[in-house]
Structures are given as structure tokens and as C-alpha cells.
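Asker: Here are the chains, one letter per residue:
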Amino acid sequence: MDVKDGRTVKGVNFVNLRDAGDPVELAAAYALNGADELVFLDISASEEKRKTLADMVYRVAEQINIPFTVGGGIASVEDVDILLKNGADKVSINSSAVKNPGLINELAAKFGSQCIVVAIDAKQIDGQWKVHLVGGKVPTDIDLFDWAKEVAQRGAGEILFTSMDHDGTKNGFANNALATISTSVNIPVIASGGAGKIPHFVDTFVSGKADAALAASIFHFKEIEINALKKALHSQQIPIRL
Amino acid sequence: MKTVIIDYGAGNIQSIQFAFARLGIDAVLSSDSNEIVAADRVIFPGVGEASSAMSKLKDSGLDALIPTLKQPVLGICLGMQLMCNYSEEGDTQGLGIFDVDVKRFTSAVKVPQMGWNALTQLKSSFFSHTTDNAYVYLVHSYYAPLCDQTVAQTTYEVAYSAALQKDNFTGVQFHPEKSGEVGAQLLTNFLNQS
Numbered sequence: 001m002d003v004k005d006g007r008t009v010k011g012v013n014f015v016n017l018r019d020a021g022d023p024v025e026l027a028a029a030y031a032l033n034g035a036d037e038l039v040f041l042d043i044s045a046s047e048e049k050r051k052t053l054a055d056m057v058y059r060v061a062e063q064i065n066i067p068f069t070v071g072g073g074i075a076s077v078e079d080v081d082i083l084l085k086n087g088a089d090k091v092s093i094n095s096s097a098v099k100n101p102g103l104i105n106e107l108a109a110k111f112g113s114q115c116i117v118v119a120i121d122a123k124q125i126d127g128q129w130k131v132h133l134v135g136g137k138v139p140t141d142i143d144l145f146d147w148a149k150e151v152a153q154r155g156a157g158e159i160l161f162t163s164m165d166h167d168g169t170k171n172g173f174a175n176n177a178l179a180t181i182s183t184s185v186n187i188p189v190i191a192s193g194g195a196g197k198i199p200h201f202v203d204t205f206v207s208g209k210a211d212a213a214l215a216a217s218i219f220h221f222k223e224i225e226i227n228a229l230k231k232a233l234h235s236q237q238i239p240i241r242l
Numbered sequence: 243m244k245t246v247i248i249d250y251g252a253g254n255i256q257s258i259q260f261a262f263a264r265l266g267i268d269a270v271l272s273s274d275s276n277e278i279v280a281a282d283r284v285i286f287p288g289v290g291e292a293s294s295a296m297s298k299l300k301d302s303g304l305d306a307l308i309p310t311l312k313q314p315v316l317g318i319c320l321g322m323q324l325m326c327n328y329s330e331e332g333d334t335q336g337l338g339i340f341d342v343d344v345k346r347f348t349s350a351v352k353v354p355q356m357g358w359n360a361l362t363q364l365k366s367s368f369f370s371h372t373t374d375n376a377y378v379y380l381v382h383s384y385y386a387p388l389c390d391q392t393v394a395q396t397t398y399e400v401a402y403s404a405a406l407q408k409d410n411f412t413g414v415q416f417h418p419e420k421s422g423e424v425g426a427q428l429l430t431n432f433l434n435q436s
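Quick mapping for you: the protein sequence lines, in order, are chains E and R.
Residue numbering for the first sequence follows our numbering, beginning at 1 and increasing consecutively.
Residue numbering for the second sequence follows our numbering, beginning at 243 and increasing consecutively.
Check the hints yourself; a few may be wrong.
[To be verified] As a list, the in silico EDC-like pairs of lysine to aspartate or glutamate whose alpha-carbon atoms are at most 16 Å apart:
| hint | chain 1 | residue 1 | chain 2 | residue 2 |
| --- | --- | --- | --- | --- |
| 1 | R | 352 | E | 211 |
| 2 | E | 85 | R | 333 |
| 3 | R | 345 | R | 291 |
| 4 | R | 345 | R | 333 |
| 5 | E | 137 | E | 106 |
| 6 | E | 110 | R | 291 |
| 7 | E | 51 | E | 25 |
[Unchecked claim] Simulated coverage check for chain E against chain R, where a stretch passes if three residues somewhere in it have a Cβ under 8 Å from a Cβ of chain R:
| hint | segment |
| --- | --- |
| 8 | 23-30 |
| 9 | 64-78 |
| 10 | 81-93 |
| 11 | 111-117 |
These are calculated hints, taken from the structure and not from any lab test.
In this text, a Cβ means the ideal position worked out from N, Cα and C, and glycines have one as well.
I would like the entire structure built from these sequences, with the hints used as guidance.
Answerer: Right under this line is the structure:
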């Protein structure tokens, strides 16, 4: 879920909600529908950002009985501390880790690897997977696979990999790149970007060797029901909570 | 019913407090021996590294108190591990309530185990209204092997103890406060223990 100033921003097509812009109510609906974990990405840039986000985290933790991760603009030990104290289970860092890789070590040492997710956005340039910053807008010369190994060595507990080439296409996840990452690190890898239909999820667990899969708009717009998706995965012998 | 969460500075307890609040129970944080002894239910939480958590416990004298408690006590995650004899993590002597030594997963699997896994071989009224293959949420790098006090198993690399029980002490490796409806049921069962 993308949130801005404490409100969800992407159009969400849920019928039975009083207020689809309320992240707490939306989170509750997803928890009820069988989501195993939620990710909130804060895209606000206002001065009040920290406090608003911390308040939202507190309200979500109060009402939701499944784990959730919070990301977006987190750049310091203090940022992480306030979110965890308000009830976030994990935080995700992205650009700030690329700019200051030592932050991963620092956060893992202080809070434990289990709550530090490193999000990596990447796309292919001339056939080479390169890490991108600022939601995929700013290219770097950093190789995706080198960076994935480095963040794992530095103490990340999980990698959230989004292929910018696949995001929004609804043609399936970047399974070749995912499998390369997943087999080269000893931490869980979450697949993101490209989900369009149920077989895409099967593929990403089988050929992409993903440990978890993330999607947003297909759930927001009810193109896929989470319960139906999980039943389909279960019928394909993929271990999943029903 | 007075429910106390032992506060010894090890980890995030906000989520546990919220989980009890959703059940209508105002669980209070305390590091005060008298308040802990007087409680009807005691929660022993823990997130982080074993040896530093154990030294915090010793600093407050709670290491001697916990094994003497008579009311139902629930250890969660690292709390459960510290209730065992020993942990490989930081070469830590535990409270010795559960007669088992905590070990680390090998590099044959991804560590930490992070996510949902199924419970099997449920053996206690703590698991009332819960069936085999119920899923719970786990985040951990160390585990308690199967032993005489195992009352639920799960499998990651090996079959190990998802829950341990001895007399009034229950320990769970998973996070009931984050395990959806299953977790809420287990916390209810804990509150209903006689």
C-alpha cells in the first residue's frame, strides 16, 4: 500500500469499506482476506512526515494481527527506532542503503537482522541488471546481483526485489533474476513487480525460487482475490497458510 | 484478570500489548517483582540476542524470580529460548525450566526463518480449538529441538519444538500476537488456563 500523509493513495476498489483511504481499515480488510503480511510504502515528503507515519503505524499495529513492514524515506537509526516502537514489525530501506551501505550494518546490529528489509529496485540496461533509485527513476552503475549479495552480507534480514521492467506489465515476475538472487543469498527474497494472474505467482515460487510474493494493484482492484490465489498455490503443492 | 508483561528492555512488546487489548485485556508492563508475583498471568517476551537479553534479566534479578512463579507463564520467541537450559547464541545459560538446549539452524536453509509455518502434533489444552496444520508466524535463527516437553512441532530444516510446556510454564517459538486468528485463539486459551 502506498501511503501519503497517513492516507492510502492508489485507487482502491474495495466495496465494503467506509473509507478506502484509511490505511488501517484497508489493512484490516486485507488481513481478513488472507494476506500473510502487509507492506506500507510512505511517499509523503512533508515536514510532518515522521510523526504522521508513526501515528499510522501505531494505529495499524493496534488493530492488525499479522506482520507488517514500513518503508519510504527511512535513513537513520532514529527513523527506524520510532517506527519499531510504534509497533512496526520490520522496516524497509532502499535509496538510503545505496547511498550509505553501512546503514544496513548499523541497523542490523542495533535492531536485529529480522526487522531490516532491504528493498532493491532494478531494471536492465543493455542486458545488465542495474540498481535504480527513487522508485526506479534514477539509474546507478551498481550491479543488481552484487548489491543483493552485499546487503545480505551486511546483515539485511530480507530482500524485497522489484523489477522495474516487469512492474505494471501484469506479464509475470522477473523469475530469472529472482532465481539468481535467491540462490546466491541465504536470506528470504520477496518477488515484486509483474503480477497479473494466478499462474504468475506459481511461476515465481517454482522457477523464480521466491520465498514470498508481493502485489498491490491486482489486489486493490480485486482482479485476484487473495483467498482464491492461496487456494490455487496450495493445490500446486506450494506451502501456504490457508 | 491481571496480566503482566515482563519488561526487561528486550525487544518490542507493543504488539503483545495490542494483541491482549484486542481480547479486552489490559496487559501491563512491569519489572517489579511484587507486581509480577501477584499477577494472574505472566508474559515473558523477548526479541534480540540471547546473551544480552539474559544479562538484562540478571541485572534486574528476574532470572531468579521467573522459575519460581506459580501462575500460568507464557514465554514468547526469545523468552521461550531463555526458559531452556542453554542457547548456542552467545553461549548463554538459560533459566533451566525446559530441559533442552537451543541450537542454530545450519546454512542448509535460509536464516532467519521468517514467515508462516504449520503446527503439528499438538499435545496441550493450550491448543484447544486449534487443529493440526494451523499456521503461525515465526522469525528466528535458533530453535529448541524436540524433547519430552515438546507440545507442538513445526519443521524447518528439522522437526523442532514450536511449543514447550512444563507445569505452569508454556513457551512458544512463534509469535501468537502476529499469528492472525490462530494466535488470538491461543492467547485466549492461555488466559483460560487453570
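Asker: Please go over all the hints and tell whether each is borne out by the structure.
Answerer: Consistency of the hints with the structure:
{"no.": "1", "hint": "R:352 with E:211", "verdict": "holds (10 Å)"}
{"no.": "2", "hint": "E:85 with R:333", "verdict": "violated (28 Å)"}
{"no.": "3", "hint": "R:345 with R:291", "verdict": "holds (13 Å)"}
{"no.": "4", "hint": "R:345 with R:333", "verdict": "holds (10 Å)"}
{"no.": "5", "hint": "E:137 with E:106", "verdict": "violated (27 Å)"}
{"no.": "6", "hint": "E:110 with R:291", "verdict": "holds (10 Å)"}
{"no.": "7", "hint": "E:51 with E:25", "verdict": "violated (20 Å)"}
{"no.": "8", "hint": "23-30", "verdict": "violated (count 0)"}
{"no.": "9", "hint": "64-78", "verdict": "holds (count 3)"}
{"no.": "10", "hint": "81-93", "verdict": "holds (count 5)"}
{"no.": "11", "hint": "111-117", "verdict": "holds (count 3)"}
When held up to the earlier numbered hints, the structure conflicts with 2, 5, 7 and 8 and fits the remainder.
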